[in-house]
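Taking the hints into account, I'd like the entire structure generated from these sequences.
Per UniProt numbering, residue 1 is the first one in the sequence shown, and the count goes up by one each step.
Heads up, a few of these hints could be off.
In silico DSSO-like cross-links for lysine-lysine, where the CA-CA straight-line distance does not exceed 30 Å [what the hints assert, rightly or not]: (1) K94 - K79; (2) K30 - K20; (3) K80 - K91; (4) K91 - K79; (5) K94 - K80; (6) K36 - K20.
Think of the hints as simulated: they come from the structure by calculation, not from any bench.
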Amino acid sequence: MKRSDIRKMRGTKFSNVEEKRVNHIASEQKRRLNIKLAYAELNSLLPESYSVHIDQANSEVNILSAVSAFIHDQHENQKKLLREINEKAGKLGKKY
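Structural data, given as structure tokens:
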């Protein structure tokens with residue numbers, strides 16, 4: 001389609017279709033930016049020993065893996081601490 005044909009069609013259904021396409025592209029770009037920012041925020045919350053360099057390939061997958069490992073390690077540490085508390089409390093006749 002020539003540009004002159006496009007100019008003639010302004011104000012018709014074609015311009016609505018084009019406007020929808022442009023809006024869709026803008027919405028998708030905004031969605032991707034929000035996802036990227038959310039992953040960056042999630043990565044920034046991790047301790048340095050778990051954090052991922054954002055420039056790594058598949059960084060989103062790496063960030064999710066690091067978050068999963070961190071949460072798993074925190075759960076294991078919590079279980080260990082509770083066992084220690086209960087051992088020491090058992091010596092005092094208490095249980096937590």
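Going through the hints against the structure:
For the proposed pair K94 and K79, the alpha carbon gap of about 18 Å is at most 30 Å, so the pair holds. Our distance criterion of 30 Å between C-alpha atoms is met by K30 and K20, whose separation comes to about 15 Å. With a CA separation close to 17 Å, the supplied pair K80 and K91 stays within the 30 Å bound. Annotation: proposed proximity of K91 to K79 holds, straight-line Cα distance about 19 Å (limit 30 Å).
The hinted pair formed by K94 and K80 meets the criterion: a straight-line CA distance of about 17 Å does not exceed 30 Å. For the proposed pair K36 and K20, the alpha carbon gap of about 24 Å is at most 30 Å, so the pair holds.
Hint compliance for this structure: every hint is met.
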